[in-house]
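Enquirer: Whenever a hint applies, use it, and build me the whole structure from the sequences.
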Amino acid sequence: SSSQMSSVPLQLLFYVNGIYLIFYFLATLAILLYKSQAFSYPEDFLSVDLTLLVIMAIAEVLRLYLGVRGNLTEEEGLLGLSLVMTVGSVFLAVYFLVWQTYVLKIDVILNTILLLFCGMESILKISAIAAFI
Amino acid sequence: PPETSAAVPARTRRGPAPVTDVAKLCVCDLLVAECDVNCCCDPDCSAADFSLFTTCSVPVVIGDSHLCSQKAAIYSLDVEANPPERVFKLIDQVNPSIFCIHATNYEQALTFSSPEIPTSENFDQLLKQFGSATFSAEPESWDMNTDDRNLSDANETYRYQYGVPIQTVDAFLRLPSPVVSSWCSDENPAGFLVNQATKCIRSVSVEKCDDIQAVSMLFYINSSILAVPKSNHMVNISVQSIVVQSLNGMRTLLSDSDVLRLPMILDELCINIVLGVSYHITYTDAGEIIEAAAAFVLGAINKEALSIEQSFEISFTQVNTTPVPVSGNPGYVVGLPVRAGFRPQGYPFPVEMIIQTTNKYSQLTILQSTSNQDCLAAQGARAPVLFGYNMISGCKLRITAAMKCQPLTQALLDLLKGQSFPEYVASFGNSQAQDVLDWVPITHLRISEQRIYNTFQSSCQIPVSLEIEVKWTKYGSLVNPQARIVNVTATITTITLKELPSGRERTIPITSSVVFTDVSSPAEPGYKAWPTINAKLPFDFFFPFV
Chain Y
705 SSSQMSSVPL QLLFYVNGIY LIFYFLATLA ILLYKSQAFS YPEDFLSVDL TLLVIMAIAE
765 VLRLYLGVRG NLTEEEGLLG LSLVMTVGSV FLAVYFLVWQ TYVLKIDVIL NTILLLFCGM
825 ESILKISAIA AFI
Chain W
31 PPETSAAVPA RTRRGPAPVT DVAKLCVCDL LVAECDVNCC CDPDCSAADF SLFTTCSVPV
91 VIGDSHLCSQ KAAIYSLDVE ANPPERVFKL IDQVNPSIFC IHATNYEQAL TFSSPEIPTS
151 ENFDQLLKQF GSATFSAEPE SWDMNTDDRN LSDANETYRY QYGVPIQTVD AFLRLPSPVV
211 SSWCSDENPA GFLVNQATKC IRSVSVEKCD DIQAVSMLFY INSSILAVPK SNHMVNISVQ
271 SIVVQSLNGM RTLLSDSDVL RLPMILDELC INIVLGVSYH ITYTDAGEII EAAAAFVLGA
331 INKEALSIEQ SFEISFTQVN TTPVPVSGNP GYVVGLPVRA GFRPQGYPFP VEMIIQTTNK
391 YSQLTILQST SNQDCLAAQG ARAPVLFGYN MISGCKLRIT AAMKCQPLTQ ALLDLLKGQS
451 FPEYVASFGN SQAQDVLDWV PITHLRISEQ RIYNTFQSSC QIPVSLEIEV KWTKYGSLVN
511 PQARIVNVTA TITTITLKEL PSGRERTIPI TSSVVFTDVS SPAEPGYKAW PTINAKLPFD
571 FFFPFV
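In the order they appear, the protein sequences are chains Y and W. In terms of our numbering, the first sequence opens at residue 705 and continues consecutively. In terms of our numbering, the second sequence opens at residue 31 and continues consecutively.
Note that these hints are calculated values from the structure, not bench results. Backbone N, C-alpha and C define an ideal beta-carbon position, used for all residues, glycine too. Incorrect hints may have been included.
[To be verified] Computed spacing ranges between beta-carbons, pair by pair: (1) Ser744(Y) with Glu110(W): 41 to 47 Å; (2) Val49(W) with Ser744(Y): 18 to 24 Å; (3) Leu750(Y) with Asn564(W): 57 to 63 Å.
[As the list claims (entries may be wrong)] List of simulated lysine-lysine pairs, DSS-like, C-alpha gap at most 30 Å: (4) Lys528(W) with Lys504(W); (5) Lys119(W) with Lys809(Y); (6) Lys558(W) with Lys504(W); (7) Lys101(W) with Lys229(W); (8) Lys809(Y) with Lys54(W); (9) Lys119(W) with Lys54(W); (10) Lys809(Y) with Lys101(W).
[As the list claims (entries may be wrong)] Which residues of chain Y face chain W? A few of them, derived with a C-beta cut under 7 Å, are: (11) Thr805; (12) Tyr806; (13) Val807; (14) Leu808; (15) Lys809; (16) Ile810; (17) Val812; (18) Cys822.
Expert: Structure representation (structure tokens):
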């Protein structure tokens, strides 16, 4: 009998993260639009923030896809790639937490949760890679 | 340092730096150096003032309410305490909303930008940027460096403007004046170019006479005046003259005014008490004060005196000019005295000048009614004719049989016209003495009321009324008309004095009045001249032939 090496908690985290990510992007986009109306938000700052949000969306989707695929096919290469992409996601989340033009309290909450997800997933990915090797 | 900044080319000027400390902001502090009522954040208010407030008009001073956590200054009145006192708390206010701004990385987000003040250097650039129907909110050069702004503020040359309080080393030049009651308040600042004269009452006592600061000369000349606001250049107040007033009111001018005379107790009297101060400030047309002098009136009080009346005045003179009191610039201002004078008849050439008396209130005067209505007992009190104010005054004349006609006529003429009735009246408020054509001659008319025309009886005509009619017109543009006097007529009305049987007496009312009549013609529109085509052949068109 082949023992399953795929990590179930990791898969759970990926699933919840996927749902959260949809909520996160919609919420951040809406809040960005609100900020541009409520506060004085010059165009170049706004375009920088929007671009980074789009990049983050693509990066997160890619990261989750690679992670899910790597976990299910038990390939450590894909999981390693996903781990590397987590660094980029963390950096972008920190940008939205600290270096954004306007950081609202809700931004702090959303990005902190995202960082927690990334952190927990990284730990589980490392243990999964250790299990696959 | 100022020397090196002269070499730096003129920067664009900014407005004053914004105040962001909530403990120092106060929107209800409107009066300078005075306590505003119900304004709990006013720094000029003392604890005694706070005990009289009913509420705080500004209960909280807070910055941008979008921030998650910010400082707030809370002002409230503790009415339970006796006397009520103001409570000031500086707290950190937390905004519970999740959309509050936690941080921002964009400096201009939470402050208003200070606009660039146009100067001759940057006017073209500003016009190009903001001169069209729309403009972008973000100019290319946005300089928010606060050090840069503070330096350019230090290079600013401040100068005094009309009405700005004159600053001294510690606070403001004070001109004590009555505020609500007649008691002196020391918090009235003197405004630049605002000539003021005030009188107020101060409570004194012989025992404490050297304790009360405001009756000592030192209080008024102690702090030096700043030549321009916020500078270090100071002008000392010099003592111009000292007049000593004795207890019975007699005034003597002291020959040496260098010695500072402080109040001291001498023989149960307190001498050298300041009864009046008259400041004379000399200024340049650049708005800078270059000289300040004070003339004092010192007096003495005895043990029974509980209060004294102090009078203060301040006047401003431009440097290198002699002050001429004007009643308007150029049109007459309602309420200021009408200027009048004489033209001395020089021989062989007429003198091209009008002589006026130095006291501007006694150039054109009418009889002043006194409580004692007897004309012949009047002490010669005259009231100045103020522009725009119609006045009427009078007295009662008791005629007895013993009075002779001619001396009575002369006495009544003197009474009605005064000692020196002028010949010319200034048509504008600022007419100069050497412009004779700017002065209007006074026309004299005589009307005699004769009931019965009797050629045989040499009747005695006595003047009973003098009516001065001043006709004035509005002169200049419709938006800012200036009052100009065009005609002055003095009409004397005489009546026949019938012979009285001896022992009887008669009472005749004598009146004098001034009437101002507006004879302005309606305004006419003025149009610019049509442009003309100026076509002429050149001078040397027909060259070889002409």
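Enquirer: If a hint holds in the structure, say so; if it doesn't, say that too.
Expert: How the hints compare with the structure:
Take serine 744(Y) and glutamate 110(W): their Cβ atoms lie about 45 Å apart, and the range 41 to 47 Å holds. Here the CB-CB span from valine 49(W) to serine 744(Y) is close to 20 Å, well matched to the stated 18 to 24 Å. Range check, leucine 750(Y) to asparagine 564(W): Cβ separation about 60 Å, and the 57 to 63 Å hint holds. A threshold of 30 Å between alpha carbons decides the hint, and for lysine 528(W) with lysine 504(W) the separation of about 46 Å lies outside it, so the pair is violated.
Between lysine 119(W) and lysine 809(Y) the CA atoms are separated by roughly 26 Å; this keeps the pair inside 30 Å, and the hint holds. With a C-alpha separation of about 22 Å, the suggested pairing of lysine 558(W) with lysine 504(W) holds against the 30 Å cut-off. Proximity of lysine 101(W) to lysine 229(W) is assessed by CA-CA distance (about 46 Å); at most 30 Å being required, the pair is judged violated. Between lysine 809(Y) and lysine 54(W) the alpha-carbon distance is near 29 Å, which keeps this suggested pair within the 30 Å criterion.
With a CA separation close to 13 Å, the supplied pair lysine 119(W) and lysine 54(W) stays within the 30 Å bound. Between the alpha carbons of lysine 809(Y) and lysine 101(W) the distance comes to roughly 18 Å, so the proposed pair stays at or under 30 Å and holds. For threonine 805(Y), the shortest C-beta to C-beta distance to chain W is roughly 5 Å, which falls under 7 Å, so the interface hint holds. The criterion of a C-beta within 7 Å of any C-beta in chain W is met by tyrosine 806(Y), whose closest approach is roughly 5 Å, and the hint holds.
The restraint placing valine 807(Y) at the interface with chain W holds, with a minimum CB-CB distance near 4 Å, inside the 7 Å limit. Hint status for leucine 808(Y) relative to chain W: holds, with the closest Cβ pair at about 5 Å, below 7 Å. Hint on lysine 809(Y) holds. Least Cβ distance to chain W is approximately 5 Å, under the 7 Å limit. The closest approach between the C-beta of isoleucine 810(Y) and any C-beta of chain W is roughly 5 Å, which is under the 7 Å cut-off, so the hint is satisfied.
Hint status for valine 812(Y) relative to chain W: holds, with the closest Cβ pair at about 5 Å, below 7 Å. The criterion of a C-beta within 7 Å of any C-beta in chain W is not met by cysteine 822(Y), whose closest approach is roughly 20 Å, and the hint is violated.
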